[in-house]
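Engineer: One letter stands for each residue in the lines below.
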Amino acid sequence: MSELWEGLTQAFWLVVTLDADLVGITLRSLRVTLTALILASAIALPLAAFLAVRRFRMRRLTIAVLNALMGLPPVVVGLIVYVFLSRAGPLGVLGLLFTPTAMVIAQVIIIVPLIASVAHQSLRELWAEYHDLLISMNTTQTQRIATLLWDGRRALLTAALAGFGRGIGEVGAIMIVGGNIDQVTRVLTTAIALETGKGNFALALGLGFVLIALAVAVNLAIHWLSRTETEGRW
Amino acid sequence: MLKWFASAAFALALGSAAMAEDLKMAVTTSFHNSGLAEVLLPEIKKDTGIDLQLLVVGTGQALRLGEAGDVDAILVHAKAAEEKFVAAGHGTHRTEIMYNDFVIIGPKADPASISGAGSAAAALQMIEGAEAPFVSRGDDSGTHKKELSLWKGAGVTPEGAWYKAVGAGMGSALNTASGMNAYILSDRASWLNFGNKGDLALLYAGDPVLFNQYAYIPVNPEKHAHVKSDLAMQLEAWLVSDRAKELIDGYRLSAEQLFTYNAKSE
Amino acid sequence: MSELFPLTVQGAKVQRRGKVLLGPVDLTLEGQGVTVVIGPNGAGKTSLLKMLHGIVRLSAGKVTWACGQTEAQRRQGFVFQAPVMLRRTVLENLTYPLQLANMAKPEAMARAKDWTQRIGLGDAQTRQATVLSGGERQKLALARALIRDPDVLFLDEPCASLDGRAMREIEEILQAAAKSGTRIIMSTHDMGQARRLATEVIFILRGKVHEFAQAGAFFNSAQTVQAREFLNGDIVE
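Chains as they are written, first to last, in UniProt numbering: chain A, 1 to 234; chain B, 1 to 266; chain C, 1 to 237.
Possibly wrong hints are sitting among the right ones.
[Unchecked claim] Quick list of the computed label-pair ranges, beta carbon to beta carbon:
#1 A:24 / B:241: 28 to 34 Å
#2 B:254 / A:24: 38 to 44 Å
#3 A:72 / C:165: 18 to 24 Å
#4 A:2 / B:46: 36 to 42 Å
#5 C:133 / A:79: 56 to 62 Å
#6 C:6 / A:223: 54 to 60 Å
#7 B:115 / A:73: 24 to 30 Å
#8 A:59 / C:229: 44 to 50 Å
#9 A:90 / B:38: 32 to 38 Å
In short, the hints are calculated from the structure, not lab data.
Ideal placement from N, C-alpha and C gives every residue a C-beta, glycine not left out.
Let's have the full structure, built from the sequences with the hints guiding it.
Structural biologist: As structure tokens, then:
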């Protein structure tokens, strides 16, 4: 109990004094996860829409694979990315191991199935609603996908948020491919793991609270953004 | 909204590019937990301009990283493995820099009464005799290797319900020992820096067999053309300099000297 | 622009899960007036309209437009019984089909605004279409179908469950469209509406075209017993 309290006070002081390390780590966390989120969304959302509007032979299999990949253990993703990016691996020449880019790659792989899966669920419903109209209007495949993506944007935002949550809280994969290098690849989750390892539970908890606050803040901010957007039109 | 995302993505992409003279070095958890790195890194940066990036891993992984060419140099403490590493051509040479020591930690009540033991081997035999819980790193790290060699030296095969290999870093293993009130072998620095001591105490230290030699090995540029061999040599020159000696010998944790500088250029 | 009509249907059949919903149907429609499809519930009115529009798969036979399928598709509009509202504003629902046709934005905007006035939604331009009432939705769907100036407009029970006022507004729009040369093919269960709008009538029963006649002739002296019973308000199976 005292540890929880100590953690809270420590988190409080770290935040109010704008501790340089904390700010750096937090910004790095945001940078990595937001970059991964943007890339993952650019892949996953059109894919989800495509799966909704297009009937093809491998469609059910693709969806099943996506759902299965959603449960992919991050550590395994990390390990695979590691093996690929290692100097001894096939992509070794790029020299990306232990850089933020490697962390972004791992996170993209982890969150694409999640975003695509969640987005597909809601776009499928939207497509059921729009199906007759869009067919009747003689739309092309691309126009259908674009329409679904635009009109389903609030649901897609939720999907992206789910991805953000998974990305920002992820530790196994980025620890492996990032290496937790101070000032370079140390982010909130890996810093928490490190401090826990040192038995500094209070500091680890403090960082944990910052992480929670960050996730909540980003969620609120995005919801607020989307609210004002729709209300502005009403 | 979209525009905002695009520009943000662009800024992020730019941010992760540009990097100066950086050198990646794999070090062991015990070295990192000592806090010495935080003293040395800024000085290295100041004297040589090198941004030293530390990958904190077990000795086993550190050697693998060097083998794969994923780091430019390693600083570890497992002599036999290091010599094999250099002999296999993965590293150019091995330079001893400094040593610290291992200590045996256990519950204050000391159920195996090891605090009066005459040697490290005797202490371990007592623990086994009492079947008192003992936590082992079990992660192929330098500390783990050291522990195994100590058991061997004591003529004991550690097995049974009392011997628990956790497969984790020093900190996690100490956390486990603290939770189970078990004995554990730790480097002194990790122990002093450890914040969750609970009912544990330092029970045995001082046997020379517990000394822990650190060595620096640059990764062989003949095997991996991309490694920053020049920077690695520059760092080595600094590590064997008087400036390094002064900092290493002068480093104190809880008023105790942790490391003893003993570099000799080979 | 070549002629759309005549529209020829030959032995066309629609099936779903082995059950015949419609057909075989043989029919020829000429390029004038308002065709009203009537018949009891489940007779196949919706299937007939969708088949003519080309959005259900035929299991047999064919539907042929004089100008060919691709061009015909571009020149048709369809209003569904339960109108589908895009999750956008009223104005955006109207500009949507114009954007699909690559119309420049200012012109599309002007046209959409004009249509909101014509359907009495001038004050609701920026409202979300999904919050409109049933009558407003139906009018919006109608305007959205008409905004591209289709040569043929299909409507499936456009006034089901609407109040008198909304029905009057919709019929006025339809009559104006018919007057300006839009070919209208619609279904209804409201005999009053059928009498008011139809120039020809298709009476459909159990998936088959039972009687096809000029409106005057049909309402005054239907040829078949079932059609007469239906017009009398009897239950026809």
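Engineer: Using the beta carbons of residue 24 of chain A and residue 241 of chain B, state whether their distance is inside 28 to 34 Å or not.
Structural biologist: holds (30 Å)
Engineer: Given a hint of 56 to 62 Å, does the C-beta separation of residue 133 of chain C and residue 79 of chain A actually sit inside it?
Structural biologist: For residue 133 of chain C and residue 79 of chain A the Cβ distance comes to about 58 Å; the hint holds.
Engineer: Indicate whether the distance between the beta carbons of residue 59 of chain A and residue 229 of chain C respects the range 44 to 50 Å.
Structural biologist: The hint (44 to 50 Å, Cβ to Cβ) holds, given that residue 59 of chain A and residue 229 of chain C are roughly 48 Å apart.
Engineer: For the pair residue 254 of chain B and residue 24 of chain A, does the Cβ-Cβ distance stay inside 38 to 44 Å?
Structural biologist: violated (28 Å)
Engineer: Range hint 18 to 24 Å: satisfied by the CB atoms of residue 72 of chain A and residue 165 of chain C?
Structural biologist: violated (58 Å)
Engineer: Can you let me know if the beta-carbon spacing of residue 90 of chain A and residue 38 of chain B is within 32 to 38 Å?
Structural biologist: Taking Cβ atoms as reference, residue 90 of chain A and residue 38 of chain B lie about 36 Å apart, which means the hint holds.
Engineer: Quick check: does the Cβ-Cβ distance between residue 2 of chain A and residue 46 of chain B fall within 36 to 42 Å?
Structural biologist: holds (40 Å)
Engineer: For the range 54 to 60 Å, tell me whether the beta carbons of residue 6 of chain C and residue 223 of chain A fit it or not.
Structural biologist: This hint holds: roughly 56 Å between Cβ atoms.
Engineer: Cβ-Cβ distance between residue 115 of chain B and residue 73 of chain A: within 24 to 30 Å?
Structural biologist: 44 Å Cβ-Cβ, so the 24 to 30 Å window is violated.
Hints 2, 3 and 7, counting from the list given before, are not met by this structure.
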